[in-house]
Amino acid sequence: MAQASLLKEKWSDMFYINLKIALRNLWKHRAYTIINTIGLSIGMTCALVIFLFIRQYLSADNFHPNADRIFRVVSLGNGTDGKVPMMGVPVPMANALRTDFPQLEKVANLVQGYHLVEIPGKDGSAKQFHKEYGTAFYTDPALFDIFNFPWIVGEPVSLGAPNHVALTQSTATQYFGSWQNAMGKKLKFSGDETFYEVTGIIKDLPKNTDFPIHLVISYQNFGNALSTRWNSVNMGHNCYVMVKPNTDINQLQIQLNGYTKKYYDPKDPLANTHLFQSFASIHLDAKFGNFSPKRYTSSQINSLRILGSLILLIACINFINMATAQAVSRSKEVGIRKVLGSNRKQLLVRFIAETFVITFVAITIACIATEIALPVVGNFLGQQIPFNIIDFPVILIFIFALWLAVSFLAGLYPAVFVSGYNPINALKNKVSQGNKGAWSLRSILLIFQFTVTLIFIIGTLVVLKQIDYFKNKSLGFDNHAVLQINIPTDSISKTRFNTFKQKLLQRNGVEMVTYAYTPPSTSSNNFTSFYFNNSPQKTDFLLCNKPADEDYFKMFGLKMIAGKPLSKSDTVSGYILNETLLHKLHFKNPEDVLGKYIQLNRRPLARIIGVVKDFNNLSLHGDISPVIFYTNKEEYESAFVKLNPLNMQETVKEIGADFNSTFPGQFYEPSYYDEYIANYYIVEEKTAVLLSFFTSVAIFISCFGLFALISFVAVQRTKEMAIRKVLGATTIELISTLNRAFIKMIIVANLIAWPLAYILLNKWLQGFAYKIDLPMLPFIFAGLGSMGIIIFTVALRTYKMTTSNPVEALKYE
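Per the numbering used here, the very first residue in the sequence shown carries number 1; after that it's consecutive.
There could be a bad hint or two in this list.
[Unchecked claim] Derived pair list, reagent style DSS-like, types lysine-lysine, alpha-carbon separation capped at 30 Å:
| # | residue 1 | residue 2 |
| --- | --- | --- |
| 1 | 471 | 596 |
| 2 | 494 | 653 |
| 3 | 127 | 613 |
| 4 | 763 | 294 |
It should be emphasised that the hints constitute simulated quantities derived from the structure, not laboratory data.
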């Protein structure tokens, strides 16, 4: 017992002594300490922020107790080019599963809706409007048996009856002042005269959920709830199931495959196939997607992991290079300690102790910087990122692990290198030439650092160029100064469409007005099957249908290449095809298809009257779809107004006044169509911002470390440079001598970085139907730019040394 106590006291004394010596040495070499601390703290901040984001994102919907038994039924449809993944299913799917699959414990529909909620005013006061676009859902009571969405008041069974809704706490408070007052209250949806009773309050869902539910509506109120059509899929109509314990999902899938034969017409070339998708795979799924408006795929999450790791590695490399270079100036200290009896183990502990002190300060700074940066980063990435160590101890564990990992990764080799000095050589200050391996490793680490930075630079430039291509490429139509207005679609409002149009055309700031289901390019396309030229067989692909009035083509600048544009009519009077549909029907000459017949699903048979030049009906990520136009007033959902670019804001206000007088009690919500188009590429723009940030950090850390490294190298070679100058070397020659080794390293780094960047960027560009040819200019710019930075950095640091009097360096020799 006494011996153990003595050993403990001795260890405590040694720890205190080593810590005291470490602090003294770090203070003595303050510049070295500050440079390393800044570099490591930046790297640790990036690593910590990325860890917190990924941890928060991956924790979504992890609170459901039966998650391993939950599956989503998804569809594979037949598109214009092969199978099309769809997260929706045909409406009768749920009832069929309940009948045919006794292995399923629960089956529930979940249909995403887009509603404008009206809260009736009290005592004649104005009604309130609340947008619930994508946050209103039709569902069955069984959904709450499958998922753990707790009800505070009421019971899920109430949703088994029509005209009932349940609200989340915050939504109920927003609508009625407090959620306690919401029960029994009435609300309605714009365009629907039905009043719905609030029969339940649901606990608010976490912010990072894939189910952005604000209110749930009885599935019996879903417009197509009784449909028996299997050949139509609504993307927002999902079906979730919970299997019974110990169910073989592979056997279940085999049984589901039989649905194609049982419920689909065997002659239908567009019959869908269906799959069971595990709940755990939905969150990061890029193929079928989910309801979350801000989702990231597994490849994007892994890319963030790699970026953070590379930045941290660059910072550690800086530390290693700085430590090994600075160690030469401490060789005499090491030699004296060894002569006085210190063994290698003691020296190793002392140098690692210094590293631990530096990394402890760096991780402390990183935690402070993370706390400051998280609101900005969270807002940018669309996620609330908590940094609460008390509630989430895993964060504290990560911080501690990060501190230890960086301390050993950055400090172990320099400590081993320094503690291994030969005491005689160390006292004679002959260690810089005596250990070539250190220089070899330093060169390799610098080349790696330069390579990563070059890939960042090239990648950023190419991504920015691709985004610029997106923004400047002609889409085949005019979207400038176009205002989009969602219009009410009830029967009374439809009788006022022409009145509203005439009011707008009388405004000086309005040039044209058109009604349509969707604009030329949108992510909300409606695809349907069709019969061509009286054939009894459907075609083997779907087309995109766009109901629009007679002014649509002129306003958006769509060009006819055959036939005539749409004429004024409230019903289907003829069809206009795009070039892609023309070619899919195996026609080369557009004149040849005129007069042929088409019948769309649930629409009348009519002649083809024209062919329009192709335009991008989707984002530039995808190819142009087969598109068909026709007039049908019953399907119009938006008004599009071409504005005079002068005084647009005032015109928008005037249009609002006309809207309110024509459609009293309805919600006026205008939006600029060009802003909608710009949102197609928000992911790419965020990628560019992230890459630009990481590139800037990589360049800063690399240049910061390089400048400090050159400073140490220059001090070590002061006498050599003085001798060269005495022997006649010019200042340019001296700077060139110091630059030579670094230039060789940057050339090697370019030779490695160029093919790697080419492979990575070429793969990234394959994800776009429309893309730039991978240009050489970013590669050349990165190569020449890195060379220029190296030369400038070396020259900046060594100019004073090379122009100083050589006598000062040699007077003691």
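Right, here's what the structure says about each hint:
no., hint, in the structure
1, 471 with 596, "violated, 38 Å"
2, 494 with 653, "holds, 22 Å"
3, 127 with 613, "violated, 46 Å"
4, 763 with 294, "holds, 24 Å"
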